[in-house]
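> Spelled out, the chains give:
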Amino acid sequence: MANCLVARRQLELAEFDEHAFLGADAERHLDECADCRAFASDMRALRGMLADQPRVAVPPNFETSLKARIRREAPRYREPRLAWIPTPALGAIALATVISVGFAVRSNFAPLEPANVASTSNAAISLPVSPAQKVETAAVRPIAATPVAMTTARPVVARFARSTHRTTLTTLVAETERSANESSLYTDEDGHPLSANTNRDRVTTIGVVTNKRQINQVIQVSTGTPIYGTDSIIPSRSAQTEGNNDDSGPM
Amino acid sequence: MSSVISYHVELDLPRTVSVDAASDHELVAATKEGDEIAFQELVRRYRNPITNFVFRMLDDYDRAVELAQETFLRVYANADRYQATFHFSTYIYRIATNLAISELRQRKRRHFISMFTPWRRDDDEDDQPLDFADERPLQDVELIDRERRDAVSRAIKTLPEKYRAALVLRDVEGISYEEISAILNISEGTVKSRINRARTMLREKLRAYL
Numbered sequence: 001m002a003n004c005l006v007a008r009r010q011l012e013l014a015e016f017d018e019h020a021f022l023g024a025d026a027e028r029h030l031d032e033c034a035d036c037r038a039f040a041s042d043m044r045a046l047r048g049m050l051a052d053q054p055r056v057a058v059p060p061n062f063e064t065s066l067k068a069r070i071r072r073e074a075p076r077y078r079e080p081r082l083a084w085i086p087t088p089a090l091g092a093i094a095l096a097t098v099i100s101v102g103f104a105v106r107s108n109f110a111p112l113e114p115a116n117v118a119s120t121s122n123a124a125i126s127l128p129v130s131p132a133q134k135v136e137t138a139a140v141r142p143i144a145a146t147p148v149a150m151t152t153a154r155p156v157v158a159r160f161a162r163s164t165h166r167t168t169l170t171t172l173v174a175e176t177e178r179s180a181n182e183s184s185l186y187t188d189e190d191g192h193p194l195s196a197n198t199n200r201d202r203v204t205t206i207g208v209v210t211n212k213r214q215i216n217q218v219i220q221v222s223t224g225t226p227i228y229g230t231d232s233i234i235p236s237r238s239a240q241t242e243g244n245n246d247d248s249g250p251m
Numbered sequence: 001m002s003s004v005i006s007y008h009v010e011l012d013l014p015r016t017v018s019v020d021a022a023s024d025h026e027l028v029a030a031t032k033e034g035d036e037i038a039f040q041e042l043v044r045r046y047r048n049p050i051t052n053f054v055f056r057m058l059d060d061y062d063r064a065v066e067l068a069q070e071t072f073l074r075v076y077a078n079a080d081r082y083q084a085t086f087h088f089s090t091y092i093y094r095i096a097t098n099l100a101i102s103e104l105r106q107r108k109r110r111h112f113i114s115m116f117t118p119w120r121r122d123d124d125e126d127d128q129p130l131d132f133a134d135e136r137p138l139q140d141v142e143l144i145d146r147e148r149r150d151a152v153s154r155a156i157k158t159l160p161e162k163y164r165a166a167l168v169l170r171d172v173e174g175i176s177y178e179e180i181s182a183i184l185n186i187s188e189g190t191v192k193s194r195i196n197r198a199r200t201m202l203r204e205k206l207r208a209y210l
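Chains A and B, in that order, are what the protein sequence lines are. For the first sequence, counting from 1, position 94 maps to 94 in the working numbering; every step adds exactly one. For the second sequence, counting from 1, position 140 maps to 140 in the working numbering; every step adds exactly one.
Hint data in this document are derived by calculation from the structure and do not stem from the laboratory. Heads up, some of the hints might be wrong.
Subject to a maximum C-alpha distance of 16 angstroms in a straight line, what follows is the list of computed EDC-like cross-link-like pairs (lysine to aspartate or glutamate) [to be verified]:
1. K67(A) / E103(B)
2. K32(B) / D80(B)
3. K67(A) / E161(B)
4. K157(B) / E103(B)
5. K162(B) / E188(B)
6. K162(B) / E103(B)
7. K67(A) / E36(B)
8. K192(B) / E179(B)
Hey, can you work out the whole structure from these sequences and the hints?
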């Protein structure tokens, strides 16, 4: 004979599902079990109460109001083209894309052996990169209203070393190696020439913020201060003079 | 209604059917081609069931009407992307269910940050009986019925949203388990389990009225 649990399950199904029926075992159990008979009675009453719930109807102005809303709001409710893709799948695709792009960028700017670069002049710094990648030398563009006059008519050896911010793929660091006399190209705020020995960290390591192949900004990695486009480090007088002699104008 | 709608079937000539005889899929196809009458017919067919369903979910008539309109708005705005994979009723109930559940969750968040009743328990966790039976004889049968209906509404309102949606779709709207499974995007077994749980909870809450 069916126990209470099985009988009640069948009772519930029979009460609420038009296709289900009470088995003979459950019928016999009901005859003998007062609790289950009470349960059956409760279920029947509950079904009646739920079915008797009054149905609400829309107000008379429903369609007029809907038309007005459609005219006003329909464009806002158009789902984006990718809405049919579940959000987790969309997230996974986005993540895979970001990782792929990250690897591609890193491989484009893999550490290189230092190489001499052609002299730059008139606001242009050449950053040598992999010949295989055929990366074009990008011009440094000023980001401040009063860009610093950098006379850079001398070789700058640089190589892309690593990303400063792993989450920002467009931020790369160029490590510049310069000879001692090149350090006099820059002075600190007090006008003292920056020596490669004493200020190596500040001078020889600079960051280059790029937007793809276009170099937009040169920053000093140790302090985060932009070198190019600010007056935190300015060319020394001698460099300026020399630059003027070289007919190298401000960037 | 004597109006007709006309719509194109892929690689076929345009078909013309009367609005009354058109299936839901045909009405959506015509709506997709800009037929306002077809959309009006869809609204006419589903406006009351959808409003009633959302009302049972929220127990708030004005908001139910707004969300029913929003449901139709979404159907209209995305008609060109509608795929006739499911019944149209499944599609529209799914939109309405999502809107109603979203509304319930927003309400719950607003309730959580209430400064006036920070100690109040969440309704979903409230297992206490809603009302105690009033043993006094009532003269007005209609009054008894109204009180009973109100008690059922309040009891439904206290069910957790996942149980509530399944129970209302089945026991109030009379939708099949299979379609509920498609609307809620869960297995049929889970639908039955949720409905069973919801009925058990309701039985406890409404013991005084059974």
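> None of the hints should be skipped; say for each whether it holds.
Hints, verified against the model:
1. K67(A) / E103(B): violated (23 angstroms)
2. K32(B) / D80(B): Holds, at roughly 5 angstroms.
3. K67(A) / E161(B): Violated, at roughly 30 angstroms.
4. K157(B) / E103(B): holds (13 angstroms)
5. K162(B) / E188(B): holds (14 angstroms)
6. K162(B) / E103(B): holds (13 angstroms)
7. K67(A) / E36(B): Given that 16 angstroms is the threshold and the Cα spacing comes to 10 angstroms, the pair holds.
8. K192(B) / E179(B): With Cα atoms ~12 angstroms apart, K192(B) and E179(B) stay inside 16 angstroms; holds.
Checked against the numbered hints given earlier, the structure breaks hints 1 and 3 and satisfies all the rest.
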